[in-house]
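> Residue strings, one per chain:
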Amino acid sequence: MHMVDPRPEAFDKLEQELRRGVVVVAVLSRLREPQYGYSLRQALAAKGMPIEEGTLYPLLRRLEGQGLLASEWRIEDGPPRRYYRLSAAGERLYRDLTASWRDLNAVMDGLLDEGR
Amino acid sequence: MDPRAIIESYVDAVIRHLPRKQRNDVGFELRSLLNEELDGTASDAGRPADEAMVLALLSGFGRPQDVADRYRPAGFTIIRPADAPGFARVALLGLGLQWALTLPWIFADPEIDWLSRLPVWWLSWGLGAFWWPGFLVVLTMIAAWIGHRWPRNASWTPPRAMDRDHVNRPLLALGMTAWTAGAAVLIALPWLSTWAPWAPAPVVEAMAFDDSFLRTKAPWLPPVWAGHYLFYGVLLVQGRWTPRMRQIDTGFSAAIYALLIWFMASGPVFRVGSTDDAAKSILAAVLLISLIPFVARAIRARSRIRPPKALAASNGA
Chain A
5 MHMVDPRPEA FDKLEQELRR GVVVVAVLSR LREPQYGYSL RQALAAKGMP IEEGTLYPLL
65 RRLEGQGLLA SEWRIEDGPP RRYYRLSAAG ERLYRDLTAS WRDLNAVMDG LLDEGR
Chain B
696 MDPRAIIESY VDAVIRHLPR KQRNDVGFEL RSLLNEELDG TASDAGRPAD EAMVLALLSG
756 FGRPQDVADR YRPAGFTIIR PADAPGFARV ALLGLGLQWA LTLPWIFADP EIDWLSRLPV
816 WWLSWGLGAF WWPGFLVVLT MIAAWIGHRW PRNASWTPPR AMDRDHVNRP LLALGMTAWT
876 AGAAVLIALP WLSTWAPWAP APVVEAMAFD DSFLRTKAPW LPPVWAGHYL FYGVLLVQGR
936 WTPRMRQIDT GFSAAIYALL IWFMASGPVF RVGSTDDAAK SILAAVLLIS LIPFVARAIR
996 ARSRIRPPKA LAASNGA
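Sequences listed follow chains A and B, in order. Residue numbers are given in the working numbering: position 87 of the first sequence equals residue 91, and the series is strictly consecutive. Residue numbers are given in the working numbering: position 108 of the second sequence equals residue 803, and the series is strictly consecutive.
Among the hints, a few may not be true.
[Claimed, not checked] Residues on chain B that point at chain A, a partial pick, calculated with CB under 10 Å:
1) Gln717
2) Asp720
3) Val721
4) Leu725
5) Ser727
6) Leu729
7) Asn730
8) Glu732
9) Leu752
10) Phe756
11) Asp761
12) Val762
13) Asp764
14) Ala769
15) Gly770
16) Asp906
Read the hints as simulated data drawn from the structure, not as lab findings. All figures in this text were calculated on a predicted structure; none of them were measured in a lab. C-beta atoms are modelled at their ideal positions from N, C-alpha and C, and glycine is treated no differently.
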C-alpha cells in the first residue's frame, strides 16, 4: 500500500503556529521608530521575518485598538501613510515580552540541547 | 481590467464586513498599502502592474471576509467546542421528536386530503419545529454574553455528591415514611367505607377496586413491596450502597415495574372507568419518572473512565 508521508503538511502547520507566537514581539521590536505598514513589512522581511500583508496590516490595527500602538497620518514623499509607533503601554509590554522571550529561549535551548 | 480598480473593489469588499465607524479609516489605509504592495511587486518584476499581478497579490492577502475578521478584535464564543456535540444532539433530538410526534398525527387526520398532508405538515409543524434550535441558540447566546461580561474566575470545586455510594439517611427515612403512608392508603382502599364512614358514597364508589383485579393481581404487589421496603431498611442501617445492594434494588424495581405494566395492560384496576383511566395515567407517569434514576445510572456507567482497550487486553492476557 502506498503511504503518504504526513510530515510536510504537519511541519508547515506547526511552524506557522510557532511563528504566530512571535509575530507580535517581532512587530513591536520594529516600532520603536515610526513605520507605516509597507515599510514595516519590508523591514521585518529584511531581518528574516517575512509576515504576510494580510496578517500584518490587520494586526497593526488590533494592537492600536488595544492601546499598544499610536498612529498618525503623514504625507511625505508619496501618498498619505499611516505611521505606527509604540505607545507607553506598548513599550512596557515590549520590555516584558522581550524578557519572557529570552527566558523561554534559554529554557528551549536547554531542552533541545539535552535532546541531541 | 485596471489593477487600481481591482484594488478599489477589493477594499470595498473588505470594509463592507467591518463596523461602520471603522470602514473609512481602514479602507483608506488598506487601499494605500495595497497600492504600495503592488508598486513594490511591479518594481521587483521589472514591468508595469497588470491584472494577473494584482489578483495574485490579493489572493495572497486573503478572502475579504477573512481579512475583515482579522481587523476585528476577538469576539466571544457562543458555543464552546466542548459543548458543540451536546448542543447539536439536543437540537436535533428536539427537532426529530417534534417531527416524530406531529407527522403521524397529521397523517391520521381524516379531514385533510391525503395528497395535501405532507405539504400541510411541512408548512405547519415541520417548519415550526425549527423554533427549538433557534430557542437553544438564543439561550446559548445569552449565556455566552453573560459569561463574557462577568467571567467566572472562581476555581473548580468538587461537586457535593461525589460519593455516589453514600446513602442520605434522612432523605431515605423520609422517602420510606411517605412510601409507608401511600402503601397503607392503597392497601386499605378496599375497606374505605369502614375506616372513613364520613366519605361520600360517590367517592367510595369511585375508589372501589375491580373485583377481578383484587382477586388475581393485587395480591402480588404487597409481598414485593414488603421485600423492597425491608431492603431499604437494611440500606438505611448500612448507610452505603454496594454493587450487590444495587443489583438487589434493580431486581425489586424490575419486579414492581413488571407488576405495574401487567396491571395497566390487562383489564381494569378500578370499577369506575374514569377512575381507572386516571389511575393508569398516574401509573404510567410514575413508571416513567421512576425510570429516570436508572437511565442516569446507565449514562454514568457508560461515561465512567475505563482502562484503554490495549491495557485491559494486556492485563487479561
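> Now, for every hint given, state plainly whether the structure supports it.
Going down the list of hints, with the structure as the test:
1. Of the supplied interface hints, the one on Gln717 (chain B) holds, with its beta-carbon coming within about 8 Å of a beta-carbon of chain A, less than 10 Å.
2. The interface hint given for Asp720 (chain B) holds, since its Cβ lies 9 Å from the closest Cβ of chain A, which is under the 10 Å cut-off.
3. Checking Val721 (chain B) against chain A: minimum C-beta separation of about 7 Å stays under 10 Å; hint holds.
4. The beta carbon of Leu725 (chain B) is positioned within 10 Å of a beta carbon in chain A (closest approach about 7 Å), and the interface hint is therefore held.
5. Annotation: Ser727 (chain B) was flagged as interfacial toward chain A, and the flag holds, the nearest CB pair being 5 Å apart, inside 10 Å.
6. Because the smallest distance between the Cβ of Leu729 (chain B) and any Cβ of chain A comes to about 8 Å, under 10 Å, the interface hint for this residue holds.
7. Taken as an interface hint, Asn730 (chain B) checks out: its beta carbon lies about 7 Å from the nearest beta carbon of chain A, inside 10 Å.
8. Taking 10 Å as the C-beta contact cut-off toward chain A, the hint placing Glu732 (chain B) at the interface holds, the least distance being around 6 Å.
9. A distance limit of 10 Å between C-beta atoms decides the matter here; for Leu752 (chain B) the minimum to chain A is near 8 Å, and the interface restraint holds.
10. For Phe756 (chain B), the suggested interface contact is upheld, since its CB lies about 4 Å from the closest CB of chain A, less than 10 Å.
11. Evaluation of the Asp761 (chain B) hint against chain A yields a held restraint, the C-beta minimum of about 8 Å falling below 10 Å.
12. Against a cut-off of 10 Å between C-beta atoms, the interface hint on Val762 (chain B) holds, since the closest Cβ of chain A lies about 6 Å away.
13. With a cut of 10 Å, the hint placing Asp764 (chain B) at the interface with chain A holds, because the nearest CB-to-CB distance is about 8 Å.
14. With a cut of 10 Å, the hint placing Ala769 (chain B) at the interface with chain A holds, because the nearest CB-to-CB distance is about 9 Å.
15. For Gly770 (chain B), the interface hint is violated, the least distance from its beta-carbon to any beta-carbon of chain A being 12 Å, above 10 Å.
16. The restraint placing Asp906 (chain B) at the interface with chain A is violated, with a minimum CB-CB distance near 76 Å, outside the 10 Å limit.
This entry does not satisfy hints 15 and 16, going by the numbered hints stated previously.
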